[in-house]
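Participant: Using the sequences plus the hints, can you model the full thing?
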Amino acid sequence: MRITVSVDGVDYSDEVEPRTLLVHYLRERLGKTGTVVGCDTSNCGACTVHLDGHSVKSCAVLAVQANGREVTTVEGLARDGRLHPVQEAFHQNHALQCGFCTPGMIMQAIDLLADNPDPDEDQVRHGLEGNLCRCTGYQNIVNAVRDAARRMSPGAGPDAERVDEAALVDRTPMRTGGGE
Amino acid sequence: MTATAEPEIGKARRRKEDARLITGATRWTDNMQLTGMLHMALLRSPVAHGRITSIDVTGAVRMPGVLMVLTGQDVAAEQGSLPCVWPITEDMLAPPAPSLAVDRVNFAGEAVALVVARSAAEAHDALSAIDVDYEDLPVVLDMARAVEDGADLVHPDLGTNKSATWVLDSAEAGTGSDVDQAIADAEVLVERTFRQQRLIPAFMEPRSVVVDPSPDSVTMWSSTQVPHILRWMLSAVLGIPEQRIRVVAPDVGGGFGGKLQVTPEEVLTMLVARRIGKPVKWTETRTESMLSGHHGRDQLQRLTLAARRDGTVTGLKVDLLADMGAYLRLIAPGVPILGAFMFNGIYKFPAYRFTCTNVFTNKTPTDAYRGAGRPEATFGIERMMDELAAELGVDPLDLRRRNWIRHEEFPFDTVAGLTYDSGHYEAATDRATELFGYDALRAEQAERRANGDPVQLGIGISTYTEMCGWAPSRVLGALRYAAGGWETAAIRMLPTGKVELVTGTSPHGQGHETAWSQIVADRLGVPFEDVEVLHGDTRISHRGLDSYGSRSLAVGGTAVVLAADKVLAKARTVAAHLMEVGEDDVEFTNGAFSVRGTATTTTLGEVVTAANAAHNLPDGVEPGLDAEATFDPENLSFPHGTHLCAAEVDTQTGQVKIRSYVCVDDVGKVVNPVIVEGQVHGGLAQGIAQALYEEAVHDESGTLTTATLADYLVPSAVDLPHFTTDRTETPASTNPLGVKGVGEAGTIASTPAVVNAVVDAVRHMGVSDIEMPCTPMRVWKAIHRGTTSGVPTTPGAGGGLGSIDERGGAE
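Chains A and B supply the protein sequences, listed in that same order. For the first sequence, my numbering gives the first residue as 1, with consecutive numbering after it. For the second sequence, my numbering gives the first residue as 1001, with consecutive numbering after it.
None of these hints come from the bench; they were simulated from the model.
A few chain A residues that don't get close to chain B, going by computed Cβ distances all over 10 Å:
1. Met1
2. Asp52
3. Asn67
4. Arg69
5. Asn116
6. Asp118
Derived coverage of chain A by chain B (criterion: at least 3 residues anywhere in the stretch with Cβ under 8 Å from a Cβ of chain B; other residues may be distant):
7. 37-51
8. 76-88
9. 92-99
10. 124-131
11. 135-142
Backbone N, C-alpha and C fix where the C-beta goes; we use that ideal spot for every residue, glycine too.
Facilitator: Dropping the structure here:
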């Protein structure tokens, strides 16, 4: 089955088996190995990407379901050599050790901050509940997300990712710019 | 050259590693794609114990894209036996451990056939076309029953399920007196049986192996903690000359001991890649990881503690059964034995005996998991100290104070035969009780008890020590461990003055690239950014013993110091020659040599350039400034600390909520406080998870019922509390950095702190133990049955999504 999908600002058109998961399409066909597979049951969240601006576990989405849509992975976050504020906050707050959960954790954190730009500790913990980390005990991840919220608050610096719900609903299914 | 104004050691550097990890530019083994690469998939036994009566692969061979299907019979002559390098006793029984089962399977999840195909999907598709017939054999699951006379046998050829029994007796060893006498004379005896449930390491990156064969040499990339040991063992198992094997551990996504292994899958990938002559990749699914990767813990502990009425401890007797699972993996037999040196904890027991019997069962083999033997021991002693305090009606903290080694008593020779070099238990405890608000919480606890509050408060204490930095080599030899305990570092001083540091440690999340750079920058006065740390490739790092047992900094970091000192010693000779003065007149500060009392200086960079050009060197001095050093410590390192947990227990539901968790750890001097705190956090998470959430559960047929992350409850952010951490700093006296290990301390300390808190909350309701994990149902049952021994509940899945047991309720 042929799909057309925009990933990190680049259009791809490919023939895929209907059973191909989005994460396998990203990793094996497109070489987007920044997104990883951690489990078989959609519990760990390591494979989290954005589909039209919302976080999804890409092991629970078929590649064909991404047809005509926009995917953003951790590899598409930095702009002009500058890290996304959430990436920067993860680095500054030592929110990663082995780093395997980090791409998914960062993508989920961005989605969480789009919904709630100023979450308290409890809201961050619940917002990340579907993403497992075995190294950090989560405390520095929570700190990083709250730090990122400060970095992304109005007037805090360069434009950060924001999801415009109305624009999403009305948009045509092809990309017009880099990412969402 | 930049002078380093602020000392690099002790600086809260952000990690170098992060740049690739936060951008997705990582090199996990499963990311690798080689031209012509094939994929291997393994068929695993659904049966825990059985005879393979037939395997029909004809259907699988005909599937599209399939190049090869092999059974155990096809590789029996080649596959050898998986290595076990720790024969703890001379008469230890060790059955052959095939990578692919040949005629019998001994645990559910054991590989019985393999497929190599063009794609991973085609390989997995073909697995379903393989027909295997099994003749069921009796399944041995319960350790206590397994060691009884007439028990069904895992390996009938051995005639017993006991692999080995190992004893440490303080009277025989001359390290203390006779424990039986102490027990006979005891004014107070506390006897308890604790169960250390089976855990699964559950590193986030599933294991993956890629093998690229060539007629001359073969390269294996593996998600391993131990590339050097793996290379050595592959050579030993498969008979491939070691110099023709290159092992690379690229980015590795966590290990926690779970990747301290030579796995069946590594051996099989190597074997099929060499047979086919093409690169082959194997990457496990999460369920395969949980079925086939080794498990941890799993002990039955019978403990007897003797004391006087005044609370002074007089003896400790430890009887363990340790579950090895179906085979002896790499260091599995020695894991419970590590506990022999730790059951006495920080206390001055005059008499001690430790006996451990390693037992075979039809379960996944066990081996090292974060702490490896020490968490089990620390749990045992810290729970027993709380039980003794309850028996005597004294505050458990006061009881510990009465019995611990006072700071002026170091170095201290323990009843288990170790020498603790340094420590200050009073300081760590004082700081922890202050941060915790110990007295106020005790007051609140009393109030809630008096009011009959449905939510009761418990306070749990763990004043732990542990031993890490597994060394010295001669002692490991005496314990029959096959490897040494040393570590190597090499420094390459490049012509431009930049530095390559090669380490034999193999980080998989610990941040060695950052910490080792700080050590080099500190010693050589070069900028932190100018140091590149190389590791994990046996062609680059040719000597090393890898990363496990909290050894990397105390042993490997010290090797870095020694290598840097060798560079400086030679540089000083060259600098003196260049400045035409005697070596004694040369001083080195902030990366430059100067002549005492003059303005003459030359930078290390200039000396490096001169040494590489070699145009003007003293007679007999070799060109270049590279140096290599190997460090074999004279002793282990002994971090310690005080962990305090306040837990709220809802007596109506059994739900446990950690209200506050305070830990003050003493890991000696600290190279990078940010990394140290991160290690503590992660350690706490895994220790708390053992106390409250995780358990590998088998049903009566030996099927692992917690083989997904939906059933095996690795805690999420919601399940863990905020940690309050602090440190005291008592330098280790056994390495020049003064550092102690930190990787396992949090895990070792936290489990008993949490369980002590839970039991403390409901002790007045007649509860003196609750089996781990302390799930709501177990806690509720303990309260409502009121029991003085462990609550006999059927183990159940951890309570994650969808974990419903056969009685319809989550345990």
